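> Sequence:
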Amino acid sequence: MENVRLSVIIPFKNEEENLVKLNTELKKVLNQLSINCEVIFVDDGSTDRSHQILEKEISANRGDSISYLLISLRKNFGQTAAIAAGIDNSTGKYIFFLDADLQNDPKDIPRFFEKIDEGYDAVFGWRKERKDANLRSFFSRVANRIINIVFSYPYHDVGCSARVVKKRFVKGLELYGELHRIMPVLIYLRGAKVGEIVVKHRGRVAGKSKYGFERIIKTIIDIITVKFLSSYGTKPAYVFGTVGLGSIFFSGLTLMAVSYRKLFLGVFVHRDPLFLIAIFLGLLGVQFVMMGLLAELQVRTYFGSQGKPIYEIKTKEKF
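Here the sequence shown stands for residues 1 to 319, where the numbers follow full-length UniProt numbering.
It is worth saying that the hints were derived from the structure and are not from the lab.
Bear in mind that the values here come from a model prediction, so they are computed numbers and not experimental data.
Note that CB positions come from ideal geometry on N, CA and C, so glycine has one too.
Among these hints, one or two may not hold up.
Unchecked claim - Derived Cβ-Cβ restraints for the label pairs, each shown as a range:
no.	residue 1	residue 2	range
1	Gly119	Ile277	56 to 62 Å
2	Arg5	Pro154	28 to 34 Å
3	Asn134	Ile279	48 to 54 Å
4	Gly246	Arg168	14 to 20 Å
5	Phe264	Leu294	37 to 43 Å
6	Ile313	Glu174	15 to 21 Å
7	Leu245	Lys93	20 to 26 Å
8	Leu253	Arg168	29 to 35 Å
9	Ser59	Phe138	38 to 44 Å
10	Asn36	Glu174	26 to 32 Å
11	Leu294	Lys93	39 to 45 Å
Unchecked claim - In silico lysine-lysine, BS3-like type, Cα no more than 30 Å apart, as pairs:
no.	residue 1	residue 2
12	Lys227	Lys128
13	Lys128	Lys171
14	Lys21	Lys167
15	Lys56	Lys316
16	Lys93	Lys166
17	Lys93	Lys314
18	Lys93	Lys28
19	Lys167	Lys28
20	Lys227	Lys107
21	Lys21	Lys115
22	Lys200	Lys218
23	Lys107	Lys93
24	Lys115	Lys128
25	Lys131	Lys218
26	Lys93	Lys56
With these hints in hand, go ahead and build the complete structure from the sequences.
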């Protein structure tokens with residue numbers, strides 16, 4: 001591992017009370033690794049003094065084998081965009097992701113690399129003993145269980161930000177919206193050999209948590225989105241077409257039933273609710289088929305027009 005270059009990516013927004021302590025802890029750990037490292041801080045539109053404090057801290061306390069890159073985004077694009085900016089500007093063979101809230105202990109970093117040395121492409125953290133509020137921990141367990149079932153994902157803690165991965169498994173990864181929340185699933189679906197370690201989890205002592213009910217809703221939407229895209233993202237016509245043709249098939253069966261009731265039972269068509277159901281199913285089927293064709297065109301247009309970033313960089317400072 002001595003010749004491997006490591007990139008540590010830390011997105012942040014309004015974490016002025018945590019950044020100095022974070023960098024102090026991180027620098028101490030990275031110097032002990034005895035490898036060339038770069039630390040990439042990505043300011044996702046902070047409105048407090050985070051940027052200025054971090055500039056001063058980095059300038060005065062650089063490590064011998066550590067280089068720093070401070071990226072400032074033009075506005076708040078969201079954590080997914082901040083992470084994407086960090087990945088795009090990284091140079092390491094391995095990338096370690098870490099939040100700036102100090103809830104994950106940088107002292108765990110060497111243990112991640114001990115696991116990497118066993119032949120893994122990525123190692124994810126597991127906050128086995130969480131220090132969050134009970135309600136937040138409950139929703140997290142529910143989300144993890146859903147993800148385990150939907151994706152046949154065998155690991156425990158998708159939401160743990162502490163993770164290390166070979167860059168080739170995140171380079172070119174389609175990150176948009178809020179997909180950073182389930183990035184481990186995307187890495188797993190790419191075929192990475194994944195390991196897992198239990199990490200220390202600390203309570204937040206400063207700053208304001210960004211977690212809320214809105215995040216739960218977004219996570220559910222992300223799960224549905226990724227499942228659809230991973231299974232049918234390049235062939236949406238199969239999904240909508242199957243549903244549409246199924247609906248048309250049942251419409252046909254219902255019309256046959258209506259005809260039978262008319263011819264043999266004397267039931268008037270205009271008094272038969274099955275006739276309305278048949279018409280509804282038929283129209284619904286046609287709509288689904290058309291949606292499938294439109295989605296297929298959209299996918300082909302999408303894959304033919306890649307390259308537009310989901311963020312804009314205001315400044316980049318190297319230290």
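> Work down the list of hints and note, for each, if the structure agrees.
Checked hints:
1. Gly119 with Ile277: 56 to 62 Å: holds, 58 Å
2. Arg5 with Pro154: 28 to 34 Å: holds, 30 Å
3. Asn134 with Ile279: 48 to 54 Å: At roughly 51 Å between Cβ atoms, Ile279 and Asn134 fall inside 48 to 54 Å, so the hint holds.
4. Gly246 with Arg168: 14 to 20 Å: violated, 40 Å
5. Phe264 with Leu294: 37 to 43 Å: For Phe264 and Leu294 the Cβ distance comes to about 41 Å; the hint holds.
6. Ile313 with Glu174: 15 to 21 Å: Between Ile313 and Glu174, where Cβ atoms are some 19 Å apart, the hint holds.
7. Leu245 with Lys93: 20 to 26 Å: violated, 48 Å
8. Leu253 with Arg168: 29 to 35 Å: Check failed, 51 Å falls outside 29 to 35 Å.
9. Ser59 with Phe138: 38 to 44 Å: holds, 43 Å
10. Asn36 with Glu174: 26 to 32 Å: Distance hint for Asn36, Glu174 holds at roughly 29 Å.
11. Leu294 with Lys93: 39 to 45 Å: holds, 42 Å
12. Lys227 with Lys128: holds, 26 Å
13. Lys128 with Lys171: holds, 29 Å
14. Lys21 with Lys167: holds, 27 Å
15. Lys56 with Lys316: The hint holds at about 15 Å.
16. Lys93 with Lys166: OK: Lys93 and Lys166 at ~6 Å, within 30 Å.
17. Lys93 with Lys314: Holds. Lys93 to Lys314 sits at ~26 Å (cutoff 30 Å).
18. Lys93 with Lys28: Cα-Cα ~21 Å, so holds.
19. Lys167 with Lys28: holds, 24 Å
20. Lys227 with Lys107: violated, 34 Å
21. Lys21 with Lys115: Measuring from Cα to Cα gives roughly 26 Å; hence the hint holds.
22. Lys200 with Lys218: Holds - the C-alpha atoms of Lys218 and Lys200 are around 26 Å apart, at most 30 Å.
23. Lys107 with Lys93: holds, 21 Å
24. Lys115 with Lys128: Satisfied, since the Cα-Cα distance of roughly 17 Å is no more than 30 Å.
25. Lys131 with Lys218: Holds. Lys131 to Lys218 sits at ~22 Å (cutoff 30 Å).
26. Lys93 with Lys56: holds, 28 Å
Checked against the numbered hints given earlier, the structure breaks hints 4, 7, 8 and 20 and satisfies all the rest.
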